[in-house]
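Visitor: Assemble the whole structure, with the sequences as input and the hints as a guide.
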Amino acid sequence: GHLDALLRGLVLGKLGKAGHKATLEEARRRFKEHVEGKHLLSADLRSPVYVTVLKHGDSSTLDTMLKLHKQADMQEEKNRIERVLGAIAQPELIQKVLTFALSEEIRPQDTVSVIGGMA
1 GHLDALLRGL VLGKLGKAGH KATLEEARRR FKEHVEGKHL LSADLRSPVY VTVLKHGDSS
61 TLDTMLKLHK QADMQEEKNR IERVLGAIAQ PELIQKVLTF ALSEEIRPQD TVSVIGGMA
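Quick note on numbering: the UniProt record's numbering labels position 118 of the sequence shown as 118, and the sequence is numbered without any gaps.
Check the hints yourself; a few may be wrong.
As the list claims (entries may be wrong) - Think about it this way: if two alpha-carbon atoms lie no more than 30 Å apart in a straight line, the pair counts; the simulated DSSO-like pairs of lysine-lysine are:
| hint | residue 1 | residue 2 |
| --- | --- | --- |
| 1 | K78 | K67 |
| 2 | K78 | K14 |
| 3 | K32 | K14 |
| 4 | K96 | K38 |
| 5 | K96 | K78 |
| 6 | K78 | K17 |
| 7 | K17 | K96 |
| 8 | K32 | K21 |
| 9 | K55 | K67 |
| 10 | K70 | K96 |
| 11 | K38 | K67 |
| 12 | K38 | K17 |
| 13 | K17 | K70 |
| 14 | K70 | K32 |
No wet-lab data here; the hints were simulated from the structure.
Guide: In structure tokens, the structure reads:
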């Protein structure tokens, strides 16, 4: 049910952030398919997949996430992406996320979500 879906997302997010190999590989595969439009991620899996690929990603991964943000039609998806951008690990990319947080692309009231995601 609904609680199982929430628990699944939480567990997958924690495993992914911790670098669990099978979880990371599956998250990368699903993210790639999502970005290519082959198979969209269900809403309950987007945050854990996004967090996992960002935590273990590079500048290309961040650029893809920023592109997804720009293309998102629904504010809910934009907010979901904003909350996970702080998972990026490299210092130079953290600066890019902070610059994005203060840009015109983020509603002023949502800036705190991006910055809070870095804590």
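Visitor: Checking one constraint from the list: CA of K70 to CA of K96, max 30 Å. Satisfied?
Guide: It holds: about 15 Å lies between the C-alpha atoms, which stays within 30 Å.
Visitor: Under the criterion that the straight-line Cα-Cα distance not exceed 30 Å, is the pair K17, K70 satisfied?
Guide: Answer holds: K17 to K70 is near 24 Å, not above 30 Å.
Visitor: Decide if the proposed pair is consistent with the structure: K78 and K17, CA atoms, cutoff 30 Å inclusive.
Guide: Between K78 and K17 the Cα gap is close to 21 Å, so the pair holds against 30 Å.
Visitor: For K55 and K67, compute the direct alpha-carbon distance and say whether it is at most 30 Å.
Guide: The hint holds at about 17 Å.
Visitor: Would you mind confirming whether the straight-line C-alpha gap from K78 to K67 stays at or under 30 Å?
Guide: 11 Å, holds
Visitor: Can the restraint linking K96 and K78 be considered satisfied, given a maximum Cα separation of 30 Å?
Guide: Roughly 17 Å between the alpha carbons, so the hint for K96 and K78 holds.
Visitor: Take the C-alpha atoms of K38 and K67, compute the straight-line distance between them, and say whether it is at most 30 Å.
Guide: Holds, at roughly 17 Å.
Visitor: Given the hinted pair K32 and K14, is their Cα-Cα distance within 30 Å?
Guide: 20 Å, holds
Visitor: Just to be careful, I want the Cα atoms of K32 and K21 compared with a cutoff of 30 Å; is the pair within it?
Guide: Within the cut-off at roughly 17 Å; holds.
Visitor: Compare the distance between the alpha carbons of K70 and K32 with 30 Å, and conclude whether the hinted pair is satisfied.
Guide: 17 Å, holds
Visitor: Would you mind confirming whether the straight-line C-alpha gap from K17 to K96 stays at or under 30 Å?
Guide: Cα-Cα ~20 Å, so holds.
Visitor: What's the verdict on K78 and K14, does the C-alpha distance respect the 30 Å limit or exceed it?
Guide: Within the cut-off at roughly 22 Å; holds.
Every hint from the earlier list agrees with this structure, and none is contradicted.
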